[in-house]
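Quick mapping for you: the protein sequence lines, in order, are chains D and U. If you count the first sequence from 1, position 43 lands on 43 in my numbering, and the numbers rise without skipping. Numbers given in my numbering equal positions in the second sequence, counted from 1, plus 1000.
Check before you lean on any hint, since a few could be wrong.
[Claimed, not checked] If you only want the chain U side, here are some residues facing chain D, beta carbon under 10 Å, derived:
1) V1004
2) L1097
3) F1222
Simulated from the structure, these hints should not be mistaken for lab results. On a predicted model such as this, the values are computed, not experimentally measured, just so you know. Glycine included, C-beta positions come from ideal geometry on N, C-alpha and C.
2 protein chains.
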Amino acid sequence: MKNVHRIEDYFTIKYRHKIFFTENVFSQENYILKNILEKDANSKALIVIDNGVVENNNTLLSSIAEYFNSVSIVSKCVTITGGEAIKNNLDKLIKVLSLIDKNHIDRHSYLIGIGGGAVLDITGFAAAIAHRGIRYIRIPTTTLAQCDSGVGIKNGLNLFGKKNFIGTFYPPIAVINDFNFLNSLSQRDKRSGLAEVVKIALIKNKKLFEEVQLLSDRLNSFEPSAMKSVIIKCAQLHFDHIVNGGDPFETGNSKPLDFGHWSAHKLEQISKFKIKHGEAVAAGIAIDTLYSANIGFIKPTTAKTIIDQLIKLGFQIYYPEIEIKDSNGKLIILEGLDEFREHLGGNLSITLLKGIGKSIQVNNIQLDLVEKSLNQLRNYC
Amino acid sequence: MKNVHRIEDYFTIKYRHKIFFTENVFSQENYILKNILEKDANSKALIVIDNGVVENNNTLLSSIAEYFNSVSIVSKCVTITGGEAIKNNLDKLIKVLSLIDKNHIDRHSYLIGIGGGAVLDITGFAAAIAHRGIRYIRIPTTTLAQCDSGVGIKNGLNLFGKKNFIGTFYPPIAVINDFNFLNSLSQRDKRSGLAEVVKIALIKNKKLFEEVQLLSDRLNSFEPSAMKSVIIKCAQLHFDHIVNGGDPFETGNSKPLDFGHWSAHKLEQISKFKIKHGEAVAAGIAIDTLYSANIGFIKPTTAKTIIDQLIKLGFQIYYPEIEIKDSNGKLIILEGLDEFREHLGGNLSITLLKGIGKSIQVNNIQLDLVEKSLNQLRNYC
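Turn these sequences into a full structure, and let the hints steer you where they fit.
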């Protein structure tokens, strides 16, 4: 074809991904945050905190104020409601954006999100789009956020009834896991994240699964040293996948870390988010473990070992919401398969187990075997 | 400090930036788009077109439908209103996102934006955040978008009365400049983008400024071969800056390409966007050119050459809106300096001229010399 002119070249963007594990991040002796905050002219910090965290930590707001005074950075602290429901409309996002505007947080200033996954999702998305990206620091406060969602590079909001329909890949400049925040969590929030530990162990690391087995009783009573040990290992495995997995922004077809997640996302939605993400993941792991056995990838005894382990950790692995049907008699949870495919696009790609610590991607799911797995799960309990 | 554990590593994201210059992109013989669209299973295309473009090109919608039929990709065409005003609230963004949802556009499908800068900003932002990023192709239809905004990697929406307060860096998978779209533009839209040609010539490339001088009459009558020549060179200079400038996502303090833009952005806003971006940029170039002379960086005769050239191209370089004052008697346009600083953060950094084709960054602006420059500009006309 005549008269075609073309300009083409590559460029790369380099990201430095950092996760710290500590205690008392806002004590005067703790140097982690001080070292991260560059003292640019005019740089400021806006701290957005999950109000559940503030309610459980009486001295937190005063500690934060003292901390920023001591490092001579102008700061403003604001609390917002936490929980998945805040992701269901744009109100909280707009609120955080307006705080960024009013407090003159620019591309050389800091937005610090402190809380569970939902608050980190809202603050992370706001940071990603305000002024086309401001410096963002995550301080996850739940087991789930410390070992999984908070250590990643994504954020998301629910739109049109679809989980994380909008969001971005936006690496925070640092993630700081402060184990002290775990002490004041509800039992549900302490436990929920352990499902992600079991998940990543099953697909990536047999040794971690064995450690979870060994620590069962201590994890079930949330004994701090046991919790720290598995959280660090789970975070490290997620980190390795992002940094060394070859596809940090997920341009391919598969979401290899999302074992058990096609049904978990849908189960959360069916329950109107009364079932927490980690709780839904435990059920989703059980479903896909039984499916892996039904299709012949693992032995039934291996499936039993896995599901018994989830139960030992205190998870309710079956919920009546799993078997709710639509007006045509179709199980609503099965819509999760198509929504899961559609998020990435291309062919369906589901992670299944070939053994403990070993996963496989499949492009086809037999619906009759899913229904069989759901029946087995109901009878299991 | 005891008990600190740290995980840290780098990862990189590689982008391939491609700009094509062609005519009749939707004719059956044109292979450019066909080669870009991968034929993944389930991949679809949603085409969002500026309705001004459709009004001026009667056969466009049928050509697009035929084109996608011939390449066997399911496509859906939707028109939206263009113009900067659509960026002032979230309505059009939500509309495009809902079209992405309803038409099942996933991360392996395509969103194609066809139009001027505003439509490309809305569609580019929607593509950046839907499913955390879907494949995006830009087909700019105005002089301005073809030589400047459309060939870059940014998008933006106005919020809280601030231009591009939200947005992202999201490289499109391709930009296709179809010169045929220029034929049906209004005179204002044909001319407006030439301000960006003058801008980039002044800060980067003396030869291009000389070419603009030589082609003055032909550019003033929008003679196609003259327009093509300067659009390609202007796009190439912007492309080089993104790909080889070392800071594609603008993490530093300066916006070296935004010569004349601190006042231009504010002037657009003061005029409620009645003054088009390129028109405002012509005035902004004149202001900062006079300032560069007043501070002694360039000779008054050089400033005169530059401003005369803008006038020769048909630009109105002075607008009464430039001198509107607030209730305290302060020129509103001066707020543009602080907003410009705040967008990037850190210290103020303004591009000035040291000569034709040669720029310099300064961190301080003398307000009395700005006012002197504005007076000179008024008297110039």
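* Go through the numbered hints given earlier and state which of them the structure violates, listing their numbers in rising order. => 3
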